[in-house]
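Undergrad: Following the hints, complete the assembly by docking chain B onto the known chain E.
Top line first, the protein sequences correspond to chains E and B. The numbers in our numbering rise by one with no breaks, and the one at position 31 of the first sequence is 31. The numbers in our numbering rise by one with no breaks, and the one at position 394 of the second sequence is 394.
Because the hints were derived from the structure by calculation, they are not lab data. Possibly wrong hints are sitting among the right ones.
Derived SDA-like pairs: lysine to any residue, alpha-carbon spacing no greater than 25 Å straight-line [as the list claims (entries may be wrong)]:
#1 E:K95 to B:K476
#2 E:K92 to B:T100
#3 B:K94 to E:V49
#4 E:K6 to B:K379
#5 B:K94 to E:S83
#6 B:K269 to E:A58
#7 E:K40 to B:A382
#8 E:K92 to B:T251
#9 E:K92 to B:K36
#10 B:K269 to E:A70
#11 E:K95 to B:S336
#12 E:K6 to B:A372
#13 E:K92 to B:R339
#14 B:K94 to E:D77
#15 E:K95 to B:R327
#16 E:K92 to B:R327
#17 B:K287 to B:K476
#18 E:K6 to B:K260
#19 E:K92 to B:N98
#20 E:K92 to B:G333
#21 B:K260 to E:L57
#22 B:K94 to E:F91
#23 B:K94 to E:C90
#24 E:K6 to B:K287
#25 B:K94 to E:P94
#26 B:K269 to E:L28
#27 B:K379 to E:D45
#28 B:K344 to E:E85
#29 B:K344 to E:D7
#30 B:K476 to B:T251
#31 B:K36 to B:I52
#32 B:K379 to E:L31
#33 B:K379 to E:F91
#34 E:K6 to B:Y369
#35 B:K379 to E:G61
#36 E:K95 to B:D340
Since we're looking at a predicted model, the values are computed, not measured.
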Amino acid sequence: MALTEKDVRYVAELAHLELTEEEIRRFLPQLDSVLQYVQKLNELDTARVEPMAQVTLAEAGNPPLRTDQARRGLTQDEALGNSPEQGGGCFKVPKVIERE
Amino acid sequence: MELTNLSISAIQDLLTRRQASAEEVACAHLDAIQQKDAAVRAYLAVAGERAIEQARAMDRRLAAGEPLGPLAGVPMAVKDVILIRGLPNTCASKMLENFTAPYSATAVERLEQAGAIVLGKTNCDEFAMGSSTENSAFFPTRNPHDLARVPGGSSGGSAAAVAARMATVALGSDTGGSIRQPAMFCGVVGMMGTYGRVSRYGLVAFASSLDHIGPFARSVRDVARVLSVLAGGDPLDSTSAVVPVPDYEATLEGSVQGFKVGVPEEYFKGLSPEIGDNIQKGIDVLKTLGCEIVSIRLPHTEYAIACYYIICTAEASSNLARYDGARYGFRAGEYSGLRDMYKKTRDRGFGAEVKRRIMLGTYVLSSGYYDAYYLKAQKVRALIARDFVEAFDEVDAIVTPTSPIPPFKLGERVDDPLQMYLADIYTVTASLAGIPGISVPCGKTRGHPPLPVGMQILTRHFDEARLLQLAYAFEKAGGFEISA
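With the rest of the complex left out, here is chain B:
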């Protein structure tokens, strides 16, 4: 029995039938990390003892006949921008290299309450800024499908851990695609709910009007289970939405016959032809399921990258002002006076991409430029959001490629930030509009080795149930296996 290749419900079957203990399941994953992670490098910190303790506590509860939570004994990885009390939280930055979280994120508390076992903290681009996990201050993570290639980013470690069977599920954060794009690159399922659907208390802030926490798993059903636990209002996050949370798993198997699915023309320009071919096959699968495919327009798509990179850098420059060497984190060794301490601390503590974004954000917010850049971007954001509102008057869901390019080689794109930004085109739009999105595996490229392609599905605000229903039907009918 391969304990690292199981779904959530398969793990729970084993536990309830006493065919395996939670400790055995956790240890199998810790062993897998030991064996594989020297090559993949998905984890920044492994919390082995803590995980075994949690698992033993679960086994005692099982032995006592206590009811199981919906994630009982499920090994989980957590992106290193989401706090877990007592564990390090570096944000893959030298700035927080020695930071220990004094409290836990609501998302983590809910998952642990439901029985999940935390295995460790995963690598990412520094402060979640990047699309390849190469911006980690410590080391890059590698794609389990081809170790010469990136796992995507910024939540590359979480995606790689799930793909390489070093965790059953994982948490990531998504600001402009940081869950969906690595989910595609690593060939797993990754989802971002509606803005506010999942509490962000305990998520280190990058761009507050865009940040989300969301799950990775190897199946849509497992993602639905985790999202059901994660979702819902939180008094500790005033931006979280107090909207009833359906049991997403209960409605998964509903028929998608007659669903109107929009295919936006704008998302099929300038993409790798192989990705286009795979997505077209995916659309054909939806047709066989009885979905009505409708060509739609999202006319402001070409402005989304410009809009997104103004807004996210502006918000980042403000959110990252707190790293000043005074209260926590890194402080430069030598300085003369307070102001010099700030400047040297921030120069030595932040990596190049973080500094570039702080510089851009500071520039667009600076006196004389605010209206031309930031205010303009907020207006364009309204137009992009309106595109979706109008599209959803016509259709129930929208499908697109998740990324225009397949996983690329390490080092291939690091010197040209703008080229890296442009590849986020299919994911930033949903982030700006605040609608939910998922990436599901949709075939592979023909190269050697073949690389995963992902299809993104988008729905209206708070329509995660239908999004998951469509993704589930697609996954089942498409038979696109998840492997690495």
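So that you can see chain E by itself, here it is in the shape it has in the complex:
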């Protein structure tokens, strides 16, 4: 196994996932087997290959730019409609900056 429990905890931290101990134990071999498997790509010499980030199609041309014109978006009520907590027309979140 190449992946360690420490790696799993570190990646979970990066991904803002608070995994339980049980999840960490379960995910470690599963993630490891997938990461071992994808090493397969190293069999290919890609030194002279340009990476393909997106399907680019000649027929589709350049994406057209729309005119810079204001259009109706969501109203404040619509935008707040799905929020877990709101107040004063804003999304409410826990305090980010502590006062001295």
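TA: Leaving out everything else, chain B in the frame of chain E:
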């Protein structure tokens, strides 16, 4: 008259001859859902009142002699990752359990504009991640051909609804096979157009360089009709292609005599022998239609799963960063501070497969690993796409099995994510290359009960017309009935 077993044009005949109203057609489907869906569980939410209202409005327009849209009165199911204003959109996740869509996807607007009646939102793997619909946070959907088996995924609910006559057509999304594979498993037709052919505005993003919206139906003709309405550029989706849309139905009946059809050797290794036999019979049908069958090579096929699962998890980890409990969706009940709120919300809100993919994607994008995994995968993607470009220099279309395995039993594969991923081998390649693909029924296995086998047809970018023409000729000549 069985109103739930009709094609689009048969429904429209009834409506124009006043032999049935749109309301009767919609109600027959709502009744079918009432009767059958306790066992199949294709729907997460049924929009009965809304559907009846839409149908009544259609009947009033009919009575007033207004012209009918191409989908007038056609009952439709929509995968629960595609927004419909005012209806819930859960993505089969606890994270969005109480989310109501504030706007509609362009795809839905176009279909409704053409007269389609939305019956409800269908079950799927959570955030469209999976191949069996077992990853739904709410319940698994069952295959109408054998309730002990999965309907495929991730658009399993849409495929099952169409197969079980609980909708005439349905919308799904396809990132690595999520329309084509459940179409095979449920014995219906499912199609993904060229990347950009159909607007994705209002589709909840999973892997943006791979996501598509596409139709399910019980015939190639109905799929062609729906795609004609769906396709075309959209100012609200800058990745949608502004390329003229032909009337796909108008060219369906053209002869396929002389079509060169490629059969890639790589797609006939390691598959269930019964599926191989059925596809071989399907290829023989194409021969009788006058197609020239050519053996071809797609040499990078064996790298496609590794390539796909790096790219799709990387994109997913980025796209799903938005679910943080701040602006919409689930928020954990107890936390201390903002960062803790994010972490607890995401741990409680996401299911196991979504977390695994976020973890994989975060890992392959993390500092020190980006070049080895993500950049490498993008380069291999270019090689896979080039395989197809070279193949299409020689042939007009490529045929393959849709999946190497028949529908499997619930629970049979859930504990081994890698094994589940490997079964996507025949569908992820077209997704990586951005070419269109369809799955059409191609016989059944010999088991009890017999299970559907599907043949996948692929063509060049924006050559959906020829793809549908070949699929239509095949369906007609093969006589593979669609039943469940």
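Undergrad: Each hint: holds or not?
TA: So, going through the hints one by one against the coordinates:
Under the criterion of a C-alpha separation no larger than 25 Å, the hint pairing E:K95 with B:K476 is inconsistent with the structure, at around 65 Å. With a C-alpha separation of about 19 Å, the suggested pairing of E:K92 with B:T100 holds against the 25 Å cut-off. Among the hinted pairs, B:K94 with E:V49 is inconsistent with the structure: their alpha-carbon atoms are about 41 Å apart, more than 25 Å. Between E:K6 and B:K379 the CA atoms are separated by roughly 30 Å; this puts the pair beyond 25 Å, and the hint is violated.
Note on B:K94 and E:S83: the hinted pairing holds, with a Cα-Cα distance of about 15 Å set against a maximum of 25 Å. Straight-line distance between C-alpha atoms of B:K269 and E:A58 comes to about 33 Å, which puts the hinted pair past the 25 Å bound. A distance of roughly 16 Å separates the Cα atoms of E:K40 and B:A382; the hinted pair therefore holds under the 25 Å criterion. A distance of roughly 55 Å separates the Cα atoms of E:K92 and B:T251; the hinted pair therefore is violated under the 25 Å criterion.
Taking the CA atoms of E:K92 and B:K36, the gap is about 43 Å. The hint is violated against a cut of 25 Å. With a C-alpha separation of about 55 Å, the suggested pairing of B:K269 with E:A70 is violated against the 25 Å cut-off. Proposed proximity of E:K95 and B:S336 is supported: the alpha carbons are some 10 Å apart, at most 25 Å. Between E:K6 and B:A372 the alpha-carbon distance is near 20 Å, which keeps this suggested pair within the 25 Å criterion.
Restraint check for E:K92 and B:R339: satisfied, since their Cα atoms lie roughly 14 Å apart, inside the 25 Å limit. Restraint check for B:K94 and E:D77: satisfied, since their Cα atoms lie roughly 23 Å apart, inside the 25 Å limit. Between the alpha carbons of E:K95 and B:R327 the distance comes to roughly 15 Å, so the proposed pair stays at or under 25 Å and holds. Of the supplied pair hints, the one linking E:K92 and B:R327 holds, its CA atoms being roughly 8 Å apart against a limit of 25 Å.
Under the criterion of a C-alpha separation no larger than 25 Å, the hint pairing B:K287 with B:K476 is consistent with the structure, at around 14 Å. Taking the CA atoms of E:K6 and B:K260, the gap is about 54 Å. The hint is violated against a cut of 25 Å. The hinted pair formed by E:K92 and B:N98 meets the criterion: a straight-line CA distance of about 18 Å does not exceed 25 Å. Distance hint between E:K92 and B:G333 is fulfilled; the C-alpha atoms sit about 14 Å from each other, no more than 25 Å.
Restraint check for B:K260 and E:L57: satisfied, since their Cα atoms lie roughly 23 Å apart, inside the 25 Å limit. Using a Cα cut-off of 25 Å, the hinted pair B:K94 and E:F91 holds, with the two alpha carbons roughly 20 Å apart. Distance check on the hinted pair: B:K94 and E:C90 sit about 24 Å apart at the alpha-carbon level, within 25 Å; holds. This hinted pair does not check out: E:K6 and B:K287 have alpha carbons roughly 57 Å apart, beyond 25 Å.
With a CA separation close to 21 Å, the supplied pair B:K94 and E:P94 stays within the 25 Å bound. Between B:K269 and E:L28 the alpha-carbon distance is near 30 Å, which puts this suggested pair outside the 25 Å criterion. Only pairs whose Cα atoms come within 25 Å are accepted, and B:K379 paired with E:D45 is accepted, the gap being roughly 10 Å. In summary, the hint linking B:K344 to E:E85 is supported, as the alpha carbons are separated by about 16 Å, within the 25 Å threshold.
For the hint pairing B:K344 with E:D7, the CA-to-CA distance comes to about 19 Å; that is within 25 Å, so the pair holds. Restraint check for B:K476 and B:T251: the C-alpha separation of about 15 Å stays at or below 25 Å, so the hint holds. Annotation: proposed proximity of B:K36 to B:I52 holds, straight-line Cα distance about 19 Å (limit 25 Å). Note on B:K379 and E:L31: the hinted pairing holds, with a Cα-Cα distance of about 22 Å set against a maximum of 25 Å.
Between B:K379 and E:F91, the direct Cα distance comes to roughly 41 Å. Violation of the 25 Å bound is thereby established for this hinted pair. Pair hint E:K6 plus B:Y369 holds up; C-alpha atoms about 16 Å apart against a cutoff of 25 Å. Restraint check for B:K379 and E:G61: the C-alpha separation of about 23 Å stays at or below 25 Å, so the hint holds. Only pairs whose Cα atoms come within 25 Å are accepted, and E:K95 paired with B:D340 is accepted, the gap being roughly 12 Å.
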